[in-house]
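The sequence shown begins at 2 in my numbering and counts up by one.
By construction, these hints were calculated from the structure, which means they are not laboratory data. All residues carry an ideal CB built from backbone N, CA and C; glycine is no exception. A couple of the hints might just be wrong.
[As the list claims (entries may be wrong)] Using C-beta positions, here's what the derived DEER-type ranges look like:
no., residue 1, residue 2, range
1, V21, I58, 16 to 26 Å
2, C18, Q71, 18 to 28 Å
3, V54, V14, 28 to 38 Å
4, Q48, L22, 13 to 23 Å
5, I58, C18, 16 to 26 Å
6, K75, F52, 28 to 38 Å
7, T61, L15, 19 to 29 Å
[To be verified] Result set (SDA-like, lysine to any residue): computed pairs, CA atoms no more than 25 Å apart in a straight line:
no., residue 1, residue 2
8, K7, K76
9, K31, I58
10, K24, S62
11, K24, F4
12, K7, L70
13, K27, K76
14, K76, F6
15, K75, Y46
16, K27, F59
17, K76, N25
18, K75, E41
19, K7, V54
20, K27, R69
21, K76, V54
22, K24, I45
23, K7, W50
24, K75, I11
25, K75, V54
26, K27, W50
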Amino acid sequence: MGFIFKILGIIGVLMICAAVLSKNRKRQNKFFLIAGFCLEIYSIYLQDWVFIVLQWIFITSALYDLARLQALEKK
Numbered sequence: 002m003g004f005i006f007k008i009l010g011i012i013g014v015l016m017i018c019a020a021v022l023s024k025n026r027k028r029q030n031k032f033f034l035i036a037g038f039c040l041e042i043y044s045i046y047l048q049d050w051v052f053i054v055l056q057w058i059f060i061t062s063a064l065y066d067l068a069r070l071q072a073l074e075k076k
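All chains, full assembly: derive it from the sequences and hints.
Below is the structure:
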C-alpha cells in the first residue's frame, strides 16, 4: 500500500519539474496544482504536519495565480 503513496510523491516531483520547464504560465500552474495534490496526499501518508501545511499553502498559491491569470485574460 505504501508503494502507491511513494508513486504519488514521485509524480508530484515530476510535475514540479514539468512546471519549471514549461514556458506557459497557465500550464505551469496546472502542473503545480497536480504536483501539490500528489505531494499533499504523500505528506498525509507520512503524517508530516509541516509538509501538510506547506502543501496547502503551495496549492492555494497556485490556485490564486491561476485565477489571477484567468481574470487578466478576460479583460
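Hint-by-hint comparison with the structure:
1. V21 with I58: 16 to 26 Å: holds, 18 Å
2. C18 with Q71: 18 to 28 Å: 24 Å Cβ-Cβ, so the 18 to 28 Å window holds.
3. V54 with V14: 28 to 38 Å: Violated, at about 19 Å.
4. Q48 with L22: 13 to 23 Å: With a Cβ separation near 31 Å, Q48 and L22 fall outside 13 to 23 Å, so the hint is violated.
5. I58 with C18: 16 to 26 Å: holds, 20 Å
6. K75 with F52: 28 to 38 Å: holds, 35 Å
7. T61 with L15: 19 to 29 Å: About 22 Å separates the Cβ atoms of T61 and L15, which means 19 to 29 Å holds.
8. K7 with K76: violated, 42 Å
9. K31 with I58: Measuring from Cα to Cα gives roughly 15 Å; hence the hint holds.
10. K24 with S62: holds, 18 Å
11. K24 with F4: violated, 32 Å
12. K7 with L70: violated, 32 Å
13. K27 with K76: holds, 16 Å
14. K76 with F6: violated, 41 Å
15. K75 with Y46: Status violated; Cα separation ~39 Å.
16. K27 with F59: Given pair K27, F59 holds - Cα atoms ~15 Å apart, limit 25 Å.
17. K76 with N25: holds, 19 Å
18. K75 with E41: violated, 31 Å
19. K7 with V54: holds, 19 Å
20. K27 with R69: Given that 25 Å is the threshold and the Cα spacing comes to 10 Å, the pair holds.
21. K76 with V54: Roughly 34 Å between the alpha carbons, so the hint for K76 and V54 is violated.
22. K24 with I45: Violated, because 31 Å separates the two Cα atoms, which is more than 25 Å.
23. K7 with W50: Holds, at about 17 Å.
24. K75 with I11: violated, 35 Å
25. K75 with V54: With a Cα-Cα distance of about 32 Å, the restraint between K75 and V54 is violated, given a limit of 25 Å.
26. K27 with W50: violated, 29 Å
Violated hints, in rising order: 3, 4, 8, 11, 12, 14, 15, 18, 21, 22, 24, 25 and 26; the structure is consistent with all others.
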